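Trainee: Taking the hints into account, I'd like the entire structure generated from these sequences.
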Amino acid sequence: MNTPAPQPEPPGDRLLDRREYVGVTEVSGPIVALNGIHNVGYNELVEIGDGRGNIRLGMTLEVSEGAAIAQVFEGTSGLRLSSTRVRFRGEPLTITVSPEILGRAFDGLGRPADGSPEPSGEERDVNGLPVNPTARDYPRKFIQTGISAIDGMNTLVRGQKLPIFSGSGLPHRQIVAQITRQAKIVGEDTPFAVVFAGMGIKHDEAMFYLRSFEESGAMGRVVAYLSLADAPSVERRITPRAALTAAEYLAFDLGMHVLVILTDMTNYCEALREISTQRQEIPSRKGYPGYLYSDLASIYERAGMIIGRQGSITQVPVVSMPNDDISHPVPDLSGYITEGQIVLERDLDQRGIYPPIAGLPSLSRLMKDGIGEGMTRADHAHLASQLFAGYAQVKNIRALASVIGEEELSTLDQTYLQFGETFERKFLSQGLDEDRSIMETLDLGWEVLSVLPREELHRITEEEIRKYYGK
Amino acid sequence: MGERIVGTVKRVVGPVIEAQCSDDAEMLELVYVGEHRLIGEVVRMRQRSAWVQVYEDTTGLRPGAPVYGTGEPLSVELGPGLVGGIYDGVQRPLDVLRARTGDFISKGVHAPAIDRNTRWHFVPQVQVPCPAKGGMVIGTVRETDAILHKIMLAPSASGELIHIVPEGDYVVDDIVGRVRSGDGETDVALFQRWPVRVSRPYAERLPQSTPLITGQRVVDTLFPVARGGVVVVPGGFGTGKTMIQHALAKWCDADLVVYIGCGERGNEMTEVLTDFPKLIDPRTGKSLMDRTILIANTSNMPVAAREASIYTGITIAEYFRDMGYSVAVMADSTSRWAEALRELSGRMEEMPADEGFPAYLPTRLAEFYERAGMVKTLAGDEASITTIGAVSPPGGDFSEPVTQHTKRFIRTFWALDKQLANARHYPAISWRDSYSEYVDDVSEWWEKKTNGEWRSLRADILSIMQREARLERVVKLVGADVLPDSQRLVLDVAALFKNAFLQQNAYDKVDAFCVAEKQYLMLKVIMVYFEHASEAIARGTALATLNKLDVMRDMMQMKFECGNEDIPKLRDLLARVERAVREYTSTPA
Ligand SMILES: Nc1ncnc2c1ncn2[C@@H]1O[C@H](COP(=O)(O)OP(=O)(O)OP(=O)(O)O)[C@@H](O)[C@H]1O
Ligand SMILES: [Mg+2]
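Order-wise, the sequence lines are chains A and B.
If you read the first sequence in my numbering, its first letter stands for residue 1, the second for the next number, and so on.
If you read the second sequence in my numbering, its first letter stands for residue 1, the second for the next number, and so on.
For the record, the hints were derived by calculation from the structure and aren't laboratory data.
For clarity, every value in this text was computed on a predicted model and none was experimentally measured.
Ideal Cβ placement from N, Cα and C applies to all residues, glycine included.
Just to be clear, a hint being listed does not mean it is correct.
Listed below are the simulated PhoX-like cross-link pairs for lysine-lysine, each with C-alpha atoms no more than 20 Å apart in a straight line [claimed, not checked]:
hint, chain 1, residue 1, chain 2, residue 2
1, A, Lys395, B, Lys498
2, B, Lys569, A, Lys368
3, B, Lys418, B, Lys509
4, B, Lys569, A, Lys395
5, A, Lys395, B, Lys418
Facing chain B, according to a computed beta carbon distance under 7 Å, are these residues of chain A, among others [what the hints assert, rightly or not]:
hint, residue
6, Asn39
7, Ser64
8, Val131
9, Thr134
10, Ala135
11, Gln174
12, Arg285
13, Gly290
14, Tyr293
15, Pro361
16, Ala389
17, Lys467
18, Tyr468
Partial list, computed: chain B residues near chain A (C-beta under 10 Å) [unchecked claim]:
hint, residue
19, Gly261
20, Ala480
21, Pro484
Mentor: Structure (structure tokens):
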């Protein structure tokens, strides 16, 4: 089978390629500059010896005649200008892939972190290659997550990239765990393999995820790449790429359906910002580099399916919104690349609603092709659209009620408020372990809609009303 | 194409390299870099240095690597075989690349844009000898069911056409004619090349007067675009830019569509590739792919090629315009193009202006949008390019540089509104913030179609929407209950107009596309209802009574129930609405 790994150009001169240099000219944050070197390529792997026998990995960011600038993933602390040894490997950073990686945990650069030895297998460039758009297979297969707010209104399909936009203290962890536990294709019993990339998250958060995979018996199908909060932040630049390289291998070489959890992309972007600032690049918004969009795209676009290959990569990245601000560059640019977003809302959370999935700003763009007759049910699209419309109206009326008081509302408006309440309590809310079938979700949706008078249901056909309304 | 070494790589900074170069490197010359022969273009020269933007991934590129010159600017190939094709930003055929290197795009792969082996049936249209003129059509090739490809002389041609081949099957680089001029003889092949950064000449610009009918009611009726016009669609993520561009690519009445996916999602291109061949153009009855050309430089493909993609697209559009066609160009998203420009400029350490964008951003935008227009071609035909650019403002904030600068060069603004999108009111084109400066230009066309009613119907509905906006402010403070029925009618009719007319679901089989006459009649139904209902209320009928009328539901459903072929059904509805409400206007309640 065709593999996504590029062939490194045949090195002209092995000796030169492996040449080692002693001494660097500048160290600044995670960045080192070197002079007097030769034949070094852009984006190549660098090994940096700190003079105490430890090797740190890095990558060239800029090369010119006789000089190079490299970032050191594991930080530069303790490096000395004169005694630092630098070796250029003449190849990009790779990770090892083989069926053995399942069930294993690696560090943020893809080295074993679970005490077991390095797996044997094939080396793959972590940067991957862009999928040719003509080779993509359009995602259409409905994934049942068992969560009504997702399945009913923001349906996830296999091969989609659908992030969760969260805020500090909001329960994205529980939702991600619930999705990984419950996700299935109705009528198929091959479970998803899970590739987990933890970036800048705390130990206990990582443990929470790993434990939840273990409890659901999924651990044998999980591969974890962890660059935790105490790991050097620049390392995070590699972590999602390592994870996706593994995912591509599992999906496109082994034919598995892979669910990729990337958490937290905002931490990843901060690492990028740090490097960019160090290099004094011209920033765009909030100090993030101008190429943040392209950089994020090179991660998110590695979701999908390929014609003629068995497997698939479905991404559920977690993107936290600093100050709950959805227009912050990280969620904003993410939203511009992913195929929708599940937005968590603090107000719902404070009212004790789990999962607090915001009714209006959440969206799944690939929903349309994954639902309907033969996939979920014929009325699904109209039902969802009507729920959205009704809930939008609820939001307006709540705003009005806060001005004039609920008593002053017309009866219709009051009915809408009641609909809103029912929607949130019955449809949105569910237990952490509650796994609703899509039929249950749709029936619940109708139950909730039936609170509204039928004349209000403009997006539903007569026939659907006859069949489902008030039943 | 002669090849010579013009320099060596001195420095690699992402997609930009600085090369030590000899004297004969040329500005904007197409070059190949390193042993992989990565495609690049010289974008700046200073003393003995040349900056080259490289259209492929530069990983592994080393100082000292050779830079080969081609002596030619970055150009596209123009000839039979383009239609139905999908290309990257520098016109590499993606399907051919896939056949060669598999599912992932690797670097250093070269393939001609137009297949050299396909035989095309050439039919000469002139007899030799005859005077040769730039852009003159010397023959035709039936390229697809929908497109008759005209084989034209280069725009600069002059002298005499002294040779033409007989009707027959030829490959694109076969010589089909010969021109003799003062400078000697020039062969004419079935295809030609044109540098992408130079606009193709035409005889003269013409005023715009025909609307590009898009089948989207909010567009055609409220914010029309004329053939040869320029539109921008700004909107935050998920507000529907791509959907509207896809809808237009599917249903607009252009002869040819060039769709440029510029730094956007791979799946969106796949969607076009899988859907369009199955869809039928309602006007020609042919497959939509037969009139579509795709340029796909997705967000994960090299950023320099993204910069080039819109020029590649518009040059191809100009070539088909020169054949006399009406061409529509969709660019999704010009913000990603501007960001590519910013990234390249930053890597060259140029002085930034607003938000890091280079100071020449507005100039480049103007150049791009100016390539649209209604023209008389060199061959004497009327033809047009209509350009519709999407803009993705950070945070959905329209005050950012790309939206603001673009606004200076366009004449129609379809502002996408987050609130509408959140309520799933699609297309989420705001009737408050959008505008079209083509309304007057296209009025005459519409007036002819609608017995002279279009202008006034349109003005009436706009005035209702304005009154609604004012009333909404009151309602927000005190609720709708306190308003008199006459004012509540305004709110109701505005709501009816939004739900029944403006909203148009792109996925609905019946409603995805709406012919001009249906648009007019639907609007008329609503306005006739309003007129009679106002009178009924003035005579004392309660709004609640009117709301119970059967025709209310029929108006709500008219877009689904009366298809584009069911015009009589709409006329019948119109009559029924009149009758139903008139009952309350003739006899006092
Ligand atoms: N006319 C329409 N009919 C039905 N659904 C629509 C329509 N317009 C938009 N949508 C819905 O909105 C979603 C987002 O639209 P779209 O992908 O066009 O947004 P966008 O503005 O291009 O976003 P981005 O900037 O992130 O690319 C679609 O997936 C679809 O669900
Ligand atoms: Mg889009």
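Trainee: Each hint needs a verdict: does it hold in this structure or not?
Mentor: So, going through the hints one by one against the coordinates:
{"no.": "1", "hint": "Lys395(A) - Lys498(B)", "result": "18 Å, holds"}
{"no.": "2", "hint": "Lys569(B) - Lys368(A)", "result": "30 Å, violated"}
{"no.": "3", "hint": "Lys418(B) - Lys509(B)", "result": "25 Å, violated"}
{"no.": "4", "hint": "Lys569(B) - Lys395(A)", "result": "37 Å, violated"}
{"no.": "5", "hint": "Lys395(A) - Lys418(B)", "result": "14 Å, holds"}
{"no.": "6", "hint": "Asn39", "result": "6 Å, holds"}
{"no.": "7", "hint": "Ser64", "result": "4 Å, holds"}
{"no.": "8", "hint": "Val131", "result": "6 Å, holds"}
{"no.": "9", "hint": "Thr134", "result": "5 Å, holds"}
{"no.": "10", "hint": "Ala135", "result": "4 Å, holds"}
{"no.": "11", "hint": "Gln174", "result": "25 Å, violated"}
{"no.": "12", "hint": "Arg285", "result": "6 Å, holds"}
{"no.": "13", "hint": "Gly290", "result": "5 Å, holds"}
{"no.": "14", "hint": "Tyr293", "result": "6 Å, holds"}
{"no.": "15", "hint": "Pro361", "result": "6 Å, holds"}
{"no.": "16", "hint": "Ala389", "result": "6 Å, holds"}
{"no.": "17", "hint": "Lys467", "result": "17 Å, violated"}
{"no.": "18", "hint": "Tyr468", "result": "18 Å, violated"}
{"no.": "19", "hint": "Gly261", "result": "8 Å, holds"}
{"no.": "20", "hint": "Ala480", "result": "7 Å, holds"}
{"no.": "21", "hint": "Pro484", "result": "15 Å, violated"}
Violated hints, listed in ascending order, are 2, 3, 4, 11, 17, 18 and 21; each of the other numbered hints is respected by the structure.
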